[in-house]
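Chemist: Below, each chain spelled out in residue letters.
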Amino acid sequence: MSWTISENDISDLARGAAVLGTGGGGDPYIGALLATQALRAHGDVTVVTLDEVPADAVVLTVAMMGAPTVMVEKLPSLDEVTAPVLALGTYLGRPVTHVACAEIGGVNSTIPIAAAAALGLPLLDADGMGRAFPELQMVLPTLYDITASPLAFSDEKGNIGVLQTVDNKWTERIARVACVEMGCSVMISGFPMSGDQAREALVPGSLSRCVEIGKQIMLAREDKADPVQRIVDLLGGRELFAGKVIDVQRATTTGFARGRARIEGPDSTLTLSFQNEHLIAEEDGRILTTTPDLIIVLEHDSGEPITTEALRYGQRIRVIGAPSDERWHTVPALAMVGPGYFGYDLPPHRFDGTIEARPGVAA
Amino acid sequence: MHIGIDVGGTNTDAVLMNGVHVLAGVKHSTTPDVTSGIVQAIEDLRTGHEFVGSDIDAVMIGTTHFINALVQAKRLAPTAALRLGLPATKALPPLVDWPEDLIEAISGKSYLAHGGYEFDGRPISPLDPGELRAHAADMKAAGIRSVAISSVFSPVNHDLEVEAGRIVAEELGPDVAISLSHEIGRIGLLERENATIINAALRELASEIVDGLTTAVRAQGIDAPIFLSQNDGTLMDEDYVRLYPVATFASGPTNSMRGAALTSGLETCAVVDVGGTTTDVGLLMNGFPRETSNEVKVAGIRTNFRMPDVLSLGIGGGSIVDTETGEVGPESVGYRLTTEALVFGGSTLTATDIAVAAGRADIGDASKVAHLDSAFVERVLARIAERVSEAVDRMRTSPEPIPVVAVGGGSILLPEHLELFGAVRRPENYAVANAIGASIAQVGGEIDKVYAIEPGRREEAIAAVRAEAIDKAVAAGAKPSSVEIVDFDEVPIPYLPGNATRIRVKAVGDLDMGA
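Taken in sequence, the protein lines are chains A and B. So in our numbering, the last spot in the first sequence is 363, and the numbers never skip. So in our numbering, the last spot in the second sequence is 515, and the numbers never skip.
Among the clues, some could well be false.
[Said to hold, decoys possible] Derived pair list, reagent style DSS-like, types lysine-lysine, alpha-carbon separation capped at 30 Å: (1) B:LYS479 - B:LYS449; (2) B:LYS90 - A:LYS157; (3) A:LYS215 - B:LYS297; (4) A:LYS244 - B:LYS297; (5) B:LYS479 - A:LYS157; (6) A:LYS215 - A:LYS244; (7) B:LYS27 - B:LYS74; (8) B:LYS109 - B:LYS90; (9) A:LYS224 - B:LYS297; (10) A:LYS157 - B:LYS449; (11) B:LYS74 - B:LYS297.
[To be verified] Beyond 12 Å from chain A on every Cβ pair, some chain B residues (computed): (12) ASN11; (13) GLU118; (14) SER151; (15) TYR240; (16) GLY275; (17) GLY359; (18) PRO399; (19) VAL465; (20) LYS472.
[Said to hold, decoys possible] Pulled from the structure, derived: some chain A residues nowhere near chain B, Cβ distances all over 10 Å: (21) GLU156; (22) ARG230; (23) LEU235.
No wet-lab data here; the hints were simulated from the structure. All C-beta atoms, glycine included, are put in the ideal place defined by N, C-alpha and C.
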């Protein structure tokens, strides 16, 4: 069933996106404000479910690429958000009919809303990851041989580029260079899909899920119930650990905010390893959960999601493990987003602690 | 000798100090007009300890006038916000997330113009003087009396803000105040711009207040320089206040924390201030409050100027105690304590009643709480101690032990010892601690910018930034020989090329009182 997203849904959606963002995505404030302004100026956005999308629809993802730190200073303009979508429509020779989120987490869950509002297009209740990952090609459509290219990018000055590349690695390489030249914050649109392809390749229902998570956290607080337990129930996950942050180490290497946090519980210590997103949860040397399943850090009582940047000594937190989309657990997917890809020599562990196929074997 | 005065919302405290020794301290209710309150405070001090005007080397004043003016949306100047950055930033113009009533209160007008820089210092677009003059003409027609100018990445390069300020001033004349964002905030355009707009809206009031304070002090035969307390615990002189009134915003909690520390003789400690409704926990490091790293909302406006990091718990002397569970707060009887608490013949069980029942305080009629079950009383107090202990633990930055200083009327709720932290210290002279905090004579300079550091030249770059901060402290009036770097922070920025690093340095020195 289609529904409409209005200004009033944005705070719930942003909070939900911070939960599914598993520590990454940065401060959602600017993205939420951008979506709010666009909805205020252009009216509500219709959100359609994947089964409602016509087979011949032209679907594009919209996202921000670059440094979140730049975006809080060089704020975007709406033209910049719509330009790559329009440019790609021109390149494809067919008008774009639907906009989708590439990832559901941080700023990239709200930018497509602004784009859809300004373009007057419907938004899909779906996304390419069901969570957040740091690189362009880390989306489920990649597993269906849907490439990022042709991909359009634009800056605030009106510069627009359309890339037609041989594979996603090249798209990432060329787009990164252009992104830096253009001031390290650009809007991109890509992964052109038909309605049938979107139905097959995207994670269904992620926007509704996001809003629902945000809403349930607030409702649980009002009911004086436990917001963390609500999220566990909603995601079908489990609580991995509760304790106090006793140490956070960070280093920025190769563009990632890499680091480790140690959380002390009553009888044991949990170590979280992150690179923008939380990737590994390990209790006294025993692996509890790894990427691609979701490792979510929440404030102990309020259930407020905490980004990796905001983690600090003394916080009382609870850590949740939750299942990612089943397709992330296939061998080629694990080669792309499993612990091995991020440099950890570990077999991937599901949120319930079970070990799955070693990545890289048949990828 | 010098005088410290803290003008709070309810009380005005004043102290006469000789170095760090309190010669006299007075406290009375704050008066609606600045002048008479200051006059009265100085006269009272004279009664406590005779002095003549020429004995006084400096007068330091902490005031909540400016933050109150904003919160009450009163006496704010008609203000324009001009941002340089087109074609970027269009989707979120100045004043975008402001409460409607405040935009009205400042008759806010918002303008976008070309200019601004990229993260690495390349220009986004050149300044367009014609565009700026047209905006200025519109401001003039709208009766604007104060202008806030912001520019994209002005913490990296601020020359366009300065140039735009010059052009706008040419059009509007010398009576219109100009505030530049790079002098007020740090990275984060909207938050820095918001702080600048608030500053702009307060500029007229700042002149009025400074004139009032000066007149009051001079009328007492005191010719010494007058300083105001800033959020970070350092001082600014009167000319600086006229330009940057927003820097006084959080001086209340800051002066309270610094006063508590000085009276307890500690430089690094946690300060637990238990009032009627809340307990505020802050951290003092080397004599200065630890500041928030996050955005702070003031009167519903998101800003990022430096405020002391304070964790508030809903526990105070007036907190209502649940007779079933023994949980305390967050509801409080507030100022009605003296009628509603059991010990005052009321019918509400408050935290004060618990303290009296436990024999920790002699307030009201103890026989009215004699019926309380002693196990229940102990349980309530233990729970308060546990929550405060946890709050202090959250505030500290490492597992290192840290001494705890308790202040405020409600501190009778705290035990002699806190788990994890040992003995709780209770300094004397607390009644006038805010004024003592205000009287601590230090001035500082701070730099917070993003630098592209070339490989192998890190040391050189850092040394240059440190020197810049020290120069700034000296320019603010610090004795050069006393200036020290009290805070240094270097954070690499993810996703940016060229080793872009945000460096923050704060230098502080003793105020040069000419002695």
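Chemist: For every hint, state whether the structure bears it out.
Modeler: Structure-based check of each hint:
1. Restraint check: the Cα-Cα separation between B:LYS479 and B:LYS449 comes to about 25 Å, which is no more than 30 Å; the hinted pair holds.
2. Pair hint B:LYS90 plus A:LYS157 holds up; C-alpha atoms about 11 Å apart against a cutoff of 30 Å.
3. Distance restraint check for A:LYS215 and B:LYS297: the Cα-Cα separation of roughly 23 Å lies within the 30 Å cut-off, and the hinted pair is therefore satisfied.
4. Restraint check for A:LYS244 and B:LYS297: the C-alpha separation of about 27 Å stays at or below 30 Å, so the hint holds.
5. Taking the CA atoms of B:LYS479 and A:LYS157, the gap is about 48 Å. The hint is violated against a cut of 30 Å.
6. For the suggested pair A:LYS215 and A:LYS244, the alpha carbons sit about 26 Å apart, so the restraint of at most 30 Å is met.
7. A hinted pair counts as satisfied when its Cα atoms are at most 30 Å apart, and B:LYS27 with B:LYS74 qualifies at roughly 27 Å.
8. The hinted pair formed by B:LYS109 and B:LYS90 meets the criterion: a straight-line CA distance of about 15 Å does not exceed 30 Å.
9. Under the criterion of a C-alpha separation no larger than 30 Å, the hint pairing A:LYS224 with B:LYS297 is consistent with the structure, at around 25 Å.
10. For the hint linking A:LYS157 to B:LYS449, the alpha-carbon distance of about 25 Å falls within 30 Å, and the restraint holds.
11. Proposed proximity of B:LYS74 and B:LYS297 is supported: the alpha carbons are some 18 Å apart, at most 30 Å.
12. The beta carbon of B:ASN11 is kept farther than 12 Å from every beta carbon of chain A, the shortest such distance being approximately 32 Å.
13. Against chain A, the non-interface label of B:GLU118 is violated: not every CB pair exceeds 12 Å, the least being about 4 Å.
14. Not every beta carbon of chain A lies more than 12 Å from that of B:SER151, the smallest distance being close to 10 Å; the non-interface claim is violated.
15. B:TYR240, annotated as away from the interface, keeps every beta carbon of chain A farther than 12 Å; the closest lies near 26 Å.
16. At the 12 Å boundary, the C-beta of B:GLY275 stays outside the reach of chain A, the nearest C-beta of that chain being 23 Å off.
17. Interface exclusion of B:GLY359 from chain A stands, the closest Cβ pair being 33 Å apart, more than 12 Å.
18. Non-interface call for B:PRO399 relative to chain A: violated, since the shortest CB-CB distance, roughly 6 Å, does not exceed 12 Å.
19. No Cβ of chain A comes within 12 Å of the Cβ of B:VAL465; the nearest lies about 18 Å off, and the non-interface call holds.
20. Every beta carbon of chain A lies more than 12 Å from that of B:LYS472, the smallest distance being close to 22 Å; the non-interface claim holds.
21. Distance to chain B contradicts A:GLU156 as a non-interface residue, since its nearest Cβ pair spans about 4 Å, not more than 10 Å.
22. Residue placement check: A:ARG230 keeps its beta carbon more than 10 Å from all beta carbons of chain B (closest about 22 Å).
23. Interface exclusion of A:LEU235 from chain B stands, the closest Cβ pair being 27 Å apart, more than 10 Å.
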